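**Student:** Residue strings, one per chain:
2 protein chains.
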Amino acid sequence: MITTCFKNRLEMLVFQPSKYYLFGSRLQHTLQKCKCRASLCHWTGSSYSPHPSSHKQSSRNLHLANSYFSCKTIKRSNLQVHNVLGDVHDPDAIRRLFNGLIRQDRASLARSITLVESTHPQKKKQAQLLLTMVLEYFRNSNDHHLKSSRTFRIGLSGPPGAGKSTFIEVFGKYLTQSGRRVAVLAVDPSSSTTGGSLLGDKTRMIELSRDMSAYIRPSPSTGTLGGVTRTTNEAILLCEGAGYDVILVETVGVGQSEFAVADMIDMFCLLIPPAGGDELQGIKKGIVEVADIVVVNKSDGDLLPAARRIKAEYTSALKFMRPRSKVWKPKVTQISSKEKQGIQELWEIMENFKIKTFTSGEFLRKREKQRKLWLWSHIRDNIMGKFERHPQVQDLVSELEELVTEGHITPGLASDFLLDRFIQDPVVEK
Amino acid sequence: MITTCFKNRLEMLVFQPSKYYLFGSRLQHTLQKCKCRASLCHWTGSSYSPHPSSHKQSSRNLHLANSYFSCKTIKRSNLQVHNVLGDVHDPDAIRRLFNGLIRQDRASLARSITLVESTHPQKKKQAQLLLTMVLEYFRNSNDHHLKSSRTFRIGLSGPPGAGKSTFIEVFGKYLTQSGRRVAVLAVDPSSSTTGGSLLGDKTRMIELSRDMSAYIRPSPSTGTLGGVTRTTNEAILLCEGAGYDVILVETVGVGQSEFAVADMIDMFCLLIPPAGGDELQGIKKGIVEVADIVVVNKSDGDLLPAARRIKAEYTSALKFMRPRSKVWKPKVTQISSKEKQGIQELWEIMENFKIKTFTSGEFLRKREKQRKLWLWSHIRDNIMGKFERHPQVQDLVSELEELVTEGHITPGLASDFLLDRFIQDPVVEK
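These protein sequences, in sequence, are chains F and B. In this note's numbering, each number is its position in the first sequence, counted from 1, plus 20. In this note's numbering, each number is its position in the second sequence, counted from 1, plus 20.
Any given hint could turn out to be false.
Where chains are identical, the list cannot tell them apart; a pair therefore holds if satisfied intra-copy or between any two copies.
Okay, derived cross-link-like pairs now, DSBU-like style, lysine-lysine, Cα gap no bigger than 35 Å in a straight line [what the hints assert, rightly or not]:
id, residue 1, residue 2
1, Lys349, Lys386
2, Lys406, Lys392
3, Lys331, Lys360
4, Lys389, Lys144
5, Lys143, Lys406
6, Lys389, Lys358
7, Lys374, Lys406
8, Lys193, Lys349
9, Lys406, Lys144
No lab work stands behind these hints, which were simulated from the structure alone. Predicted model, so just to flag it, every value in this text is computed and none were measured.
The shape of chain F in the complex, shown without the other chains (with noise of 0.2 Å):
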């Protein structure tokens, strides 16, 4: 699979057999035999040239280069250049962005996500084009394995009175103190469909926003769960690209939103206050079972029996549960956010579900499964979409509907009917 640039088109070359290793007039050659006249493109062992040059130029430089490029295959049938993303408006801004970014450059960094949420065609091609090249980066880099595990994605949840906010504040300088640099993610679909918005996140977190190590990035404003997850797992990449070594997702602890953030992060971290029967009500029972740590957060003062009895519970609870790695059990710790007590301990478990995760294999398992899903969160939450806004689709849908509403034919045959012209009429989106 080769990925190339040309006259702002990011094309995709699909290869057989197994993997070549060619060398630059091979790939002239074969680039030829295709008839493509791509500029270029991935290879290993030489950098990146993502400006689009002409075909010439390309071939000169891949001459030049004489370097070798791995190709994954896909089909003999297949051998053609498909056009992926089309026309790509203004790369050299996007190029511009990505420099930007691995400059660690905070408010590219911020721009960059604003990209990956917007929902506007043009700007979502650019988005591709940035993730791309943001991928590229990581592959080409000699550390590709110390990258990954150099990395740490923590999903962080709990119901509201937990103390969220105060926690992250805390554990983030904590972290940044120790010569981390911190991301911070924010999911809550919830607070988008009912249109209500919590506090600012910012607001809640007033020392981490101020410091250089930490990014803050409130939640996105827009749309359905499957959204959410799509741009918070384009987010993360971005975070990493820009240097962040550990992001936090936090998510409000209800609706269904934990569970996708399950799927994006390396370690799920459930905060719960020292409170039980009504206060504990908001949390569902399946959250629980997905944590692999639990922390037990105000013990202190007046509260630190009942936190000890929440511990106690929490401890002979999970014991029940049937375990999710083979290498680790989930634990239940105590922490202050306000004193700052725990707080050290609390790394140090973590590090140790890393560590313990990264030598099994889980760890760099669980990412690659993580990106199988994301693969599919896009494709339900593109196929509606482009459903929706197929001609023959738009055209027929709303008669369709009045008789299906009018009793004149069934939902099953309208929906057979309406899917038939979908798939039967291809429409190309521009």
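We have chain F already, so just place chain B on it with the hints.
**Tutor:** Just chain B now, with coordinates in the frame of chain F:
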């Protein structure tokens, strides 16, 4: 819109302009103009001729009938015969099933519901043919509006321990003894995904299951919430075709199923035990918001004081909720299934709800809206299936997954690539 049967095919004619009232000869002319060798059809004021017959016979039938039919429009550009269902296997069997169904034969109803629950492509087509016949039957019955108003779909939800089975048994017997026919459908996607199964519904309701005016259908054994929604909608329609007046749709009050059910029924009834705190943790707060009536069960003996307190709590809680109907304020009532108390009062409240919403027009508007939702549930349910079965997608998906997993391309690009293949290459499924 005319749906035509011809040589085992169910086809659609799409006409312009608005409403045609065609008499025999003119219909024949129109059909010939459309190059349609259709046998027929839906027409109002005449009986449904289901048997596939030759064009000639059919035209003569039309002449003889000399009846008019109304035909809905879509667009002139779409003036064509669309083969929607393709070949339906053994339509005569479906006709026999339909005849059994409207004769109120329980075995036919059971087999009909099994048919709509099937995921086999051929059976799905047969199911659509059957459902089309049932819709036809409703539309051709003279008292169409009366029919809609005659049936009453009641959603029933509640946490484990609320006594749902006992309630259904007692409530169902009350209704059958007052001359009504009752169908009970269970929706329980949670038990199907975990693979575990609750107690068989029939064993839970011994008396009612022996009652010839009652029909109890256990949970469907297949799949996703979307699938369950679709088949439950279709099962409701079939029960109504088999002459049941009251359709009880039961969910266990966990997961998302009760929200799906709220989009299928006329009135939502939440059953709760007289207990607070821990026992009610299972009820999600959102369910109370969709309830039209809250029923405090087990209001007898020692539990009476607790039941009164719970009733008062819910009565005051409901006051603060945004009303969903202009003519109905959610009520709270106490019953005892064990002592058969409060059942008649409950039914009077329910009938009152129906009269009020029917008079204001809300009842039928809600049903129309629900049919639209049913259509979209069908579309969402089918579109991913079609995507996954698409040959090009099947060819490419595993290698693209691998490329995504290894970080060669972004999930966004891979998803666009697959969706383009899916949309651009027409594949007609058999």
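**Student:** A separate judgement is required for each hint: does it hold in the structure or not?
**Tutor:** Quick rundown of the hints versus the structure:
| no. | hint | in the structure |
| --- | --- | --- |
| 1 | Lys349 <-> Lys386 | within (16 Å within a copy, 50 Å between copies) |
| 2 | Lys406 <-> Lys392 | both (21 Å within a copy, 19 Å between copies) |
| 3 | Lys331 <-> Lys360 | within (18 Å within a copy, 45 Å between copies) |
| 4 | Lys389 <-> Lys144 | both (24 Å within a copy, 33 Å between copies) |
| 5 | Lys143 <-> Lys406 | both (16 Å within a copy, 29 Å between copies) |
| 6 | Lys389 <-> Lys358 | neither (37 Å within a copy, 51 Å between copies) |
| 7 | Lys374 <-> Lys406 | neither (40 Å within a copy, 40 Å between copies) |
| 8 | Lys193 <-> Lys349 | within (27 Å within a copy, 51 Å between copies) |
| 9 | Lys406 <-> Lys144 | both (14 Å within a copy, 25 Å between copies) |
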